[in-house]
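S.K.: Each chain is listed here by its residues.
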Amino acid sequence: MTYLSKMTPGQSGRVLGYASDSPITRRLTELGLAPGRQIVYLRNAPLRDPLEIQVGSTFLSLRRAEASLVAVEIDD
Amino acid sequence: MAEIVASDKKKGVINVAICGNPNSGKTTIFNAVTGLRQRVANYPGVTVEKTVGQFRIGHHQETFNLIDIPGAYSLSAFSPDEYIAAQALFGDIGGEAAPDAIVCVIDATQLERGLYLLFQTLQIGKPTLVALNMMDLLERRGIKIDVIELSRQLGGLTVIPVIGSKGKGIAELKHAVAHLIEQQASVNFDIYHPATLAVISRLEQMSGRSGRSRAEFLRVLFDTGGPAEKSYLGKAAKQAQGELAAGRAELIEQFGSLTAAETASLTQTAAVIAAASVRTSATGQTRSERIDRYLLHPVLGPVILAALMVIIFQSIFAWAEPAMNLIDHLFMHIGSWTGALLPEGPVRSLLVDGVIGGVGSVLVFLPQIIILFLFIALLEDSGYMPRMAFLVDRAFRWCGLSGKSFIPLLSSFACAVPGIMATRTIEDRKLRFITIIVAPLMTCSARLPVYTIMIAAFIPHQSLFGPLNTHGVLLGALYLLGLAVAVVVSLILKKTLLKTQRGTFMMEMPSYKVPTARSVLIRVYNRARHFVSRAGTVILAITIIIWALSYYPRSESITRDYQARTAVLRLEYAEQGTDAQRVREQELANEMAGAQLRNSYLGRIGHAVDPVFAPLGWDWKITMATLASFPAREVIIATLGTIYNLGSDSQGSSSLVEKMRQARWEEGPRAGQLVFNPAVALSIMVFFALCCQCGATVVTIRQETGSWKYAAGVFVYMTLTAYVGAMLTYQLFSRLWS
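For the record, the sequence lines run as chains A and B. When we follow our numbering, the leftmost residue of the first sequence carries the number 972, and every step to the right adds one. When we follow our numbering, the leftmost residue of the second sequence carries the number 3, and every step to the right adds one.
Here chain B stands alone, though its shape is the one from the complex (with noise of 0.2 Å):
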């Protein structure tokens, strides 16, 4: 067995790339060739995801890296995608080893267009071979390609007919590629047009030895104003200026345009060979035809397309629940557990507050991010969601978005941060960054458990007409309020800030495809895990932090204050440790936490911050609750639960209803009277409504901007927008109601 020739970088470590259109079903193949040994990254600087898995042939010693490379249509890039991909296939990506080889999925349904990529891709002059995938789908519709006529065709290039979503052909073209690396091998044959390479060969000459492949040149010739010009005019002299000019007039003269000298060499090879290599062509309508008849019938198709929401809103919701109702016992008994086994002091506090709680808080909502990102992952397998983009663009782009804007916004009723995260598939910068920019903005599941108590609590409860109430009706207010401020920011931001006229919309529609569950529950698994880490590691910081706010300073008189107390209690039983004393105790120790609260430094900071929130109705300690909620929504309630000397885990309880329904202002113009009524229930739920209050979302938007410009201008205005709009709530409803 003749040994490998391993590559320059690392002696036993080969890079393959894997390259192909989108919908070709590379991933498919990716992870059949690597299965769970992969890693996703991002490519440095950027937010266009690097997927590194690893893989063995047979009985060789190297590790094969397999890199997943974005998917592309052309090596000329329309996309930040496209644009990564060119270069990772260059070589060209700092820190990033170039490829040794390189595997071009084709889908045989599709084959001219995949040929197209091919050729681009033949120039930079690696070895490569194909894998030509979907062959069962070329058998169901009756068409036959003449595999070894192809081969023939491209010069010789291997070509590995494969079916990636049942994993046949995996085995053989994991040989192929070893052999490949073996022999070296690359073809020859002439797919520009002469005067094309004319001009890339006195382009050559003139840098001399730049180490740029002819792919390269090509990309400086053709693709006028982009980077790979900006960069071969950097280096080069004033004569280079002028011979690509040159160039350039030459072949426009003879082509027409410039674009054509490339794209007509290319269609028209690319028609050729297909037309060598198909044997029989298909007839009649496929069974994505058939289907799309009712996904996209003018009528049935959007009704379609509310169901399905529906269905995906509900099962968010209700499959979610029970899984998190364990988690979240879960979590509790591990607090109370390690409570118990700890001292009284900061670090049990630290401990069983700040990090059990923090990360439990994160952990909670795990359940209904791995539905979503199920559910995301089903629809884009199955090749549905280009036609949910196609029956909502024009309705989305009256609000200044865009059809692509729509996953990413659905999957914000969540969570904000995987739906952020979504907005990767919208190629224009301007309207990606404004879908991220209101994204937050969807009411996301972390608002329900403020609202469910809030209006539980204050709203009185009203039958409307027929299964309508008053609940139910506020409740959907509230969606709709956060959908009305986004497309009213949306529009803003379209003509002022983020004008832009490019967006585009073009877009394949794949066919239909059962959607394989390896491949689902992979990219779930990689996305739930980086949801963990992302958004764990930030809340679990902030909330440290809040918690120390909440915890110091502690004051010792406080704590004397009470041990005195307790003391005092015990003496009153003769027996100890019956029921009775033990909740009367734990009565005390939460009015002791309540008191030292009151007096921590976010206490002090609630207190001297709420004359700015009297005009909201709130008094200090709904603006302290409110303030140490901004890490975490929800922790709104568990802070209030504390304060009102509940403890804090008394999420949801009626225990905490009916506190509040009792508390009266201690001092100030409303001394006596009660602190919550409907208004006020309506000003806070407002406010969280339209406040970004969650730091893991702040994070992610640094994150895919690439600045931290957007993100606080998001964390100001939706806090400016919620202030408000709560301020004015409050005004208008107390009036109302008195």
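Here chain A stands alone, though its shape is the one from the complex (with noise of 0.2 Å):
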């Protein structure tokens, strides 16, 4: 188990949930970062910072701070 934010763009991971409720995790997750939906780590921005990912047909894109609040599974 790790955290969205130490994925690397190309790798594909499942969401399995999050540590704490906040209106921030409430919103991942109604943006469609709910437990069990498949991403895809898509790229950085030029500073590294933001990051976007794909989770089915939407594209998001998130600060690294947000991104360490998901919990993820990596695909080998």
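Think of the hints as simulated: they come from the structure by calculation, not from any bench. Everything numeric in this text was worked out from a predicted model, so none of it was measured. All C-beta atoms in this analysis are idealised placements derived from N, C-alpha and C, irrespective of residue type, glycine included. Hints may be right or wrong, so weigh each one.
Said to hold, decoys possible - So, partial list: chain B residues that the calculated Cβ filter (under 8 Å) puts toward chain A:
1) Y118
2) S259
3) F507
What the hints assert, rightly or not - Between beta-carbon pairs, the in silico distance windows are:
4) B:P300 to A:E1044: 24 to 32 Å
5) B:P300 to A:A1042: 23 to 31 Å
6) A:K977 to B:S188: 41 to 49 Å
Join the two chains into one complex using the hints; note that each chain is given alone, in its own frame.
M.R.: This is the structure:
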């Protein structure tokens, strides 16, 4: 188990859940990062932050700090 | 044809709300349905825009109001916009009618996420239907949705496939709305978990006849510490508090977290329904992904962004110029034509110099504003804007701002008024305020005439390396000055008064779309109209005040003196009306205008305040002209023209430059010396770079922040910074030059 912020471009994985319950984690869930969803880590911004991911047919960009809230399991 | 049940509030008017995720094409559908019959206002007390339009359906008698609800991902509000969206849908906004029916727009390529909001909206209990938008995009990706199955899965809810950008399905949508209201149909199928529904049911019982819909109770339950909870606890008994806490504890135990109780049910149901309705799924990269390989490329991305900005700037200044000149000339003609009609006196002066001059000075910027709004609308509708924020966010955070501040600050380079209005997309209140506070430091287009004339007149032109010369470099330096001070101010604010950790960035990157002309033009029109009425009225009001200060008190002796001299002049000419005579009479008139101005209240204030500005190297004429330009910067040129007896139509003319170059101090320690030299010119330019001389900006800040405190604060800090900056500039450069 690791966090979304630790993934690298090109990796794919699965959302496990959130350690805490806050408006931010709720919003991440509502945007598509719900437990069980498949995600693909696409790219970083030129200065390494924010990052862009794909979950289902949705493309999201988030800051590394926000991504560090999402627990994921990386596919081998 | 069954008669439509009219809403309780007003017979014959039906209110339909249109809601949906951001980027779902909701507004395009709105525009397709209402055309230009729409009005933009603000919800009471907040800066969230409310757009209401009207439409008719077939041969129904009633008028239908279509209310464009701000885009929302969920009724659990994360931003002020979403909060208003929820309130508007609930019918909880004071003075606003509750919707009689709801159209929920869902982007067909983002079905699951759209269903999430739909499920919450259905709890409101109003007749609802779905507009399934972007069917063309779906087809292009090779995805098929069985709309009939989807409707069946949603308990028989009406689903209308639509292509908003092409106007397809709009007629069907309108008829479906009519049908919906006739039938007053609402669906009933299990969305929330029984445990949740049990808790809600207990809360509903506790409240008795509160008139709240189930959707609102869900907000009370799930939005801890939110406005719905506060309102519920405020009115209810101690028992209610206990009930709420107990209910939450139950759900936390069952689901692991309170939020999960709602999100898990909704996301799972959405997934099931989507899976059942989607026949074939997408494979391969979408067009947007292919485009993003270039636009979000680590090197190419920023390069393209920079190039785009250069193009935008160039266009705003280059394309607007012919139109601006046209408007300028037009108003000068109107002014002199009006002036010729009226007799000499306060009315003529008020109309020509005050009203026409004031209105003209606002409208002359309209071409630039329109082009700017056009670019912004294109960037918004194409989907490129979130990419811009993505590319610059980190750099902006180093400066205490956010990637979302980019467009507002970029806009402020044309004019701070639309720039400040554009900060509404920044959800975090403090970050938004910081952006608003530094926006006026961006070199706006009104500063350019001042820079141009000062640089051309008093800065020696010298070639530096290659294509660079002193003039261009100085102009660039002035731009950088504004930016540098903005960064410093923003960092200071971030660390002190407006400390915030809460800024978030998470954003959807919507698919790229080709903007529709209709949608773009309607938006540009609305915003331009708004700008003219807002900026126009403020600048006009302040211009009239300044006019009054510069016109009164009228000195009888000066008037008589010049009348006498004009009479003498006339005697010199045997033949009246020659060009030479007219020129000399005009010169006399200008001299008189200058003398009256020097004698006016404004002139006296200039004299009185002069010692304050002496350390900046200014004489009282410069001081006076600067004071007069506080409502609108570019006024300084006209005022200087008048002071130097050239009348007020000497915009950018060489005669003004000549006069200024020859001006000498009349008294004081520098009597006899030239008033203007490079150091003085620099100090004037630095002052204008840093000072907030724009009444419209101050008023807009008040509007967007909701308090005069911020507006006054911005005005004060900028004036002080400008003063100190100009003083340091003068003191430094006057020593260098002597």
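S.K.: Which numbered hints does this structure break?
M.R.: none
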